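With the hints as your guide, set chain V onto chain H.
There are 2 protein chains.
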Amino acid sequence: MTHTTPAQPPSDRTRVRRIPELAHYDRATLHAIVDAAYLCHVAFADDKGTHCIPTACWREGEYLYIHSTNGGRLVKQLLSGTQACVTLTHLDGLVLARSAFNTGMNFRSAMVYGVFEPVADKRAALEALMDKIVPGRQAEVRPGNDKEFAATTVLRISLAEAACKVRSGGPNDDEVDMARPVWAGTLPLVLQAAPAVVDPQCRVAAPDYVQQWSGRTL
Amino acid sequence: MTHTTPAQPPSDRTRVRRIPELAHYDRATLHAIVDAAYLCHVAFADDKGTHCIPTACWREGEYLYIHSTNGGRLVKQLLSGTQACVTLTHLDGLVLARSAFNTGMNFRSAMVYGVFEPVADKRAALEALMDKIVPGRQAEVRPGNDKEFAATTVLRISLAEAACKVRSGGPNDDEVDMARPVWAGTLPLVLQAAPAVVDPQCRVAAPDYVQQWSGRTL
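The listed protein sequences correspond, in order, to chains H and V.
Heads up, the first sequence is in the working numbering, so the first residue is 1 and it goes up one at a time.
Heads up, the second sequence is in the working numbering, so the first residue is 1001 and it goes up one at a time.
One chain only, chain H, in its complex shape (with noise of 0.2 Å):
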């Protein structure tokens, strides 16, 4: 699908109101997000109130897909055509000023407002899962029994109604600040890869993606 890059956001509710400078509205930016979020957190009423549940996420063309067990709250309110709000958001720093209220965050965040729908494909909808979490490893677990896809729900929420909100670099300082004889500047935060940890009962060597896993930042 191709897109061009909208200048202002999809709906009311996805216009960013709080420093609005940082606000992004075009698809590159959304998708960039979306990738790199191995999770995401799905917001949602019922009758026992708002909840907030964090769930594993990945995006194929314009869509944001989530799956669950059949029979769980998230599953039944979500396919009972409820609205729902999807956060991902990532914490790149901290930005120290040099002074209290400029300090502050460096992140990536996005929001996608809309209705979740089935997908039947689950077959296709779960191998895009594991290409996202390890991209050619479908074909060297074990496929997924009938018994296993008949208890999972597939969801996917369009991308359309959306907006990102992204900060970067260091601090931004009053003028009258200047001067002040304090350090400023950015702590970044990453999310690293670490040393690979085998299952004890595992005689198989590691393979390409294990091996050089650990250092990667993602």
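Just so you know, these hints were derived from the structure itself, not from any lab.
Here the structure is a predicted model, which means the values were calculated and not measured.
A portion of the hints provided could be inaccurate.
Computed footprint of chain H on chain V; a stretch qualifies when at least three of its residues, placed anywhere within it, have a C-beta under 8 Å from a C-beta of chain H [what the hints assert, rightly or not]: (1) 1013-1020; (2) 1042-1055; (3) 1090-1099; (4) 1136-1144; (5) 1199-1212.
If you want the ones that stay clear, here's a sample from chain H, every Cβ over 12 Å from chain V, calculated [what the hints assert, rightly or not]: (6) Gln-8; (7) Glu-21; (8) Ala-23; (9) Tyr-25; (10) Asp-26; (11) His-31; (12) Tyr-63; (13) Asp-121; (14) Ser-158.
From the three backbone atoms N, C-alpha and C, an ideal C-beta is built for every residue, glycine too.
Relative to chain H, chain V alone:
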């Protein structure tokens, strides 16, 4: 405050139903998950729908704190007494099982239900936030002035109605899959401190907390 460890969830909606053996309802687990998080996701509903907002957070005793600008949607709605759900999630790694459906992630998450209340002593509360970001830095930066404090609202939510879910360790494979010739184990992920970036206009030597930042695992 001292609490005995409850073996049971504090409410019906905090009872973990999906893989209940991963549930934790004790204070120590909850506090550790909140204290390790720089940000949380706050879900709430208003007349525009259900929202999920990422924001900085910190803990004092049995409360989770957030802050935001006066007059924003978040502050206005939360101060109206709307029920909220706050979720904090740490991703600890990918779990590579021998089958597609046993593949998953290691994580620590906490969900908190309740109603936010305004915090009168904003100065003390925001100093606690600074202490979380960089202990000791509050004494170095320009403190907030009256105008800055007046434009900011600090809110807190009780940690009483909360549940945690923690998955750690290696894959749990089905017995029938154990002989499959595929590597099995975990690919850990850590939030790691990367080299500090000094502000180009900073003429102050890096203090210990900046020099010792890089390489830390958070």
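Taking each numbered hint in turn, which are not upheld by the structure, reported in ascending numerical order? none
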